[in-house]
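Please model the complete structure; the sequences and the hints are all you need to start from.
Note that the protein sequences, when read in sequence, are chains A and B. Residue 1 is where the first sequence starts when you use our numbering, and the numbers rise one by one after that. Residue 1001 is where the second sequence starts when you use our numbering, and the numbers rise one by one after that.
There may be inaccurate statements among the hints.
[Said to hold, decoys possible] Counterexamples of contact, computed for chain A against chain B with all Cβ distances above 12 Å:
{"no.": "1", "residue": "Val-38"}
{"no.": "2", "residue": "Asp-58"}
{"no.": "3", "residue": "Glu-90"}
{"no.": "4", "residue": "Ser-94"}
{"no.": "5", "residue": "Glu-155"}
{"no.": "6", "residue": "Leu-172"}
{"no.": "7", "residue": "Asp-205"}
{"no.": "8", "residue": "Lys-209"}
{"no.": "9", "residue": "Glu-238"}
{"no.": "10", "residue": "Ala-265"}
[Claimed, not checked] Pair ranges (Cβ atoms, derived):
{"no.": "11", "chain 1": "B", "residue 1": "Thr-1111", "chain 2": "A", "residue 2": "Gly-43", "range": "46 to 54 Å"}
{"no.": "12", "chain 1": "B", "residue 1": "Arg-1201", "chain 2": "A", "residue 2": "Glu-98", "range": "29 to 37 Å"}
{"no.": "13", "chain 1": "B", "residue 1": "Gly-1043", "chain 2": "A", "residue 2": "Thr-264", "range": "37 to 45 Å"}
{"no.": "14", "chain 1": "B", "residue 1": "Arg-1213", "chain 2": "A", "residue 2": "Arg-262", "range": "28 to 36 Å"}
{"no.": "15", "chain 1": "B", "residue 1": "Gly-1173", "chain 2": "A", "residue 2": "Val-259", "range": "48 to 56 Å"}
{"no.": "16", "chain 1": "B", "residue 1": "Glu-1091", "chain 2": "A", "residue 2": "Pro-166", "range": "52 to 60 Å"}
{"no.": "17", "chain 1": "B", "residue 1": "Ala-1254", "chain 2": "A", "residue 2": "Val-259", "range": "37 to 45 Å"}
Quick caveat, the hints were computed from the structure, so don't treat them as lab data. Where is the CB? At the ideal position from N, CA and C, for every residue including glycine.
One-letter residues, chain by chain:
Number of protein chains: 2
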Amino acid sequence: MLAVGRELLIGRTLNTNAQWMGRRLARKGTRLAEITTVDDDLGEIAAGLKGCLGRRADFVIVVGGLGPTPDDMTLKGISKGIRMGLRSNEEALSLIREHYARRNLSTIEMTPARKKMATLPVGAKPVRNEVGTAPGVRLELEGTTVFCLPGVPSEMKSIFRESVEPEITKRLGKLYRKCISLKIEGIYESALAPTIESELRRHPDAYIKSHPRGIKEGKSRIELDVAMVSEDRETAEESAVQIVREIKSEIEAAGATVVSERGTAPSGRK
Amino acid sequence: MLAVGRELLIGRTLNTNAQWMGRRLARKGTRLAEITTVDDDLGEIAAGLKGCLGRRADFVIVVGGLGPTPDDMTLKGISKGIRMGLRSNEEALSLIREHYARRNLSTIEMTPARKKMATLPVGAKPVRNEVGTAPGVRLELEGTTVFCLPGVPSEMKSIFRESVEPEITKRLGKLYRKCISLKIEGIYESALAPTIESELRRHPDAYIKSHPRGIKEGKSRIELDVAMVSEDRETAEESAVQIVREIKSEIEAAGATVVSERGTAPSGRK
Chain A
1 MLAVGRELLI GRTLNTNAQW MGRRLARKGT RLAEITTVDD DLGEIAAGLK GCLGRRADFV
61 IVVGGLGPTP DDMTLKGISK GIRMGLRSNE EALSLIREHY ARRNLSTIEM TPARKKMATL
121 PVGAKPVRNE VGTAPGVRLE LEGTTVFCLP GVPSEMKSIF RESVEPEITK RLGKLYRKCI
181 SLKIEGIYES ALAPTIESEL RRHPDAYIKS HPRGIKEGKS RIELDVAMVS EDRETAEESA
241 VQIVREIKSE IEAAGATVVS ERGTAPSGRK
Chain B
1001 MLAVGRELLI GRTLNTNAQW MGRRLARKGT RLAEITTVDD DLGEIAAGLK GCLGRRADFV
1061 IVVGGLGPTP DDMTLKGISK GIRMGLRSNE EALSLIREHY ARRNLSTIEM TPARKKMATL
1121 PVGAKPVRNE VGTAPGVRLE LEGTTVFCLP GVPSEMKSIF RESVEPEITK RLGKLYRKCI
1181 SLKIEGIYES ALAPTIESEL RRHPDAYIKS HPRGIKEGKS RIELDVAMVS EDRETAEESA
1241 VQIVREIKSE IEAAGATVVS ERGTAPSGRK
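Spelled out as structure tokens, the structure:
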């Protein structure tokens, strides 16, 4: 994910878009490999895109900077990054006109600011935005599919659900993810470390991660996540449950307490 | 900022550390140039660091992955990225022992998991952590100062305030930033765009950014930020106020309403 916008760099806006998308992809058994946030600047956007393309990822999702104002320069930045010119796109113009028509604004003038939202890198296709004005954009580049989505959360989510997720699902195949979270009291992370290490040796495909949550009433508190991804629903479920059983028995033997255990049903493609 | 941790990529954790640090730096008249989040993986951390060093930034702040568990591999990843070995650091060991002593745990055993937190890339120095166990780490590399901080927010903030911020302030010089935020109703962003454009032509050093906030009761709502940074307090203040005055008169002439105006006192080094 390449997030574009100075508001993210100066802490004006919390990057909840990245969390939403990351969570959604994790539930499908895949994940964001990297999240990079850059400024509203042509050179920064171009370099950020090149960095993402260099990973040879299946998908790059660019978020933000598609609107009509001067700071919205994602498409120009991408055009610079891939050395392809910008061209007014008829399909994108129709989508924008349709949007205004739905809002009973059919008489609105197609000013340069509005036309900018339909000026795409050569070879790009617009993607319908059911919520806002600026269409999303889709590009195929060196085996990577690049989607550009608006930064407004409701628009980003709508286009992601409608047009991005189905593509990802198609490419992924069927995967299930089972995650179990434990809340533990009375053990330091440094004392838990050897247990996690031996579990990871036994189950190298597992994801096991501890999150220290401070000391309360003299007791160290930790949240521990165990997750397994598999093409087989039962395998994901059983492996996660087994790892948790093993960890619980070790930490209870060490005098710590598991105060809560919360599992998600194995999620994945339906 | 290089943030390390899969919990950020899968949406388990919202990157509030980046927002906190971004906001704090913005108030000083500077900013994060890029925020990159990578997985708990040696190759990813090494590549992420190399990308950051390639920017020739004054500072790179690495956050997360300093703890005792197997997923905590930031120092090893950095060692790989800069091709410097890891070595047990006596000063870091003392800091960890001191931390345990403060908690009346002086008899705690120095297990491999605990020693790992004191195993630093050659040439690195530990930085005192007043809140948690793992010391921060400081490295000078090709003109860039690299700080590694724990991901636990209270520890990150404490080390940033105590040891990172004074260094940044020293390098920055004296800067003031004045920011004014307007809430506007009754104008579309695409209609506001030409006003912003002409203001940016008149004041090329200004930061002017609109954030669309949807339609309420048929009226388009926008938040507009205007910020100026200057070595001179009055210049920052007066320029921001003047730009806002010009924008207000234009948008009110277009029939829109400024429903609120909120300014921050010019902030900067004391």
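Here is what the structure says about each hint:
Annotated as non-interface, A:Val-38 brings its C-beta within 12 Å of a C-beta of chain B; the closest such distance is 6 Å. Non-interface status of A:Asp-58 relative to chain B is upheld: no Cβ of that chain comes within 12 Å, the nearest being about 15 Å off. Every CB of chain B lies more than 12 Å from the CB of A:Glu-90, the least distance being 19 Å, so the non-interface label holds. Consistency note on A:Ser-94: stated as away from chain B, and its beta-carbon is indeed over 12 Å from all of that chain's, at 17 Å minimum.
The beta carbon of A:Glu-155 sits about 9 Å from the closest Cβ of chain B, which is not more than 12 Å, so the claim that it is off the interface is violated. Once the 12 Å rule is applied to beta carbons, A:Leu-172 is consistent with being away from chain B; the minimum gap is 15 Å. For A:Asp-205, the requirement that its beta carbon stay farther than 12 Å from each beta carbon of chain B is met, with the minimum near 14 Å. For A:Lys-209, the requirement that its beta carbon stay farther than 12 Å from each beta carbon of chain B is not met, with the minimum near 5 Å.
The Cβ of A:Glu-238 sits about 21 Å from the closest Cβ of chain B, beyond the 12 Å cut-off, so the non-interface label holds. With a least beta-carbon separation of about 17 Å from chain B, A:Ala-265 lies farther than 12 Å from that chain, consistent with its non-interface assignment. Between B:Thr-1111 and A:Gly-43 the CB atoms are about 48 Å apart, so this pair conforms to the stated range of 46 to 54 Å. Restraint check, B:Arg-1201 to A:Glu-98: a C-beta distance of roughly 32 Å satisfies the suggested window 29 to 37 Å.
Hint check: B:Gly-1043 to A:Thr-264, Cβ distance near 29 Å, so the stated range 37 to 45 Å is violated. The supplied range of 28 to 36 Å is met by B:Arg-1213 and A:Arg-262, whose beta-carbon atoms lie about 35 Å from each other. Our hint of 48 to 56 Å for B:Gly-1173 and A:Val-259 holds, since their Cβ atoms are close to 51 Å apart. Between B:Glu-1091 and A:Pro-166 the beta carbons are some 54 Å apart, a value that agrees with the proposed interval 52 to 60 Å.
Between B:Ala-1254 and A:Val-259, the C-beta spacing of about 58 Å breaks the proposed range 37 to 45 Å.
Hint violations for this structure: numbers 1, 5, 8, 13, 17, all remaining hints satisfied.
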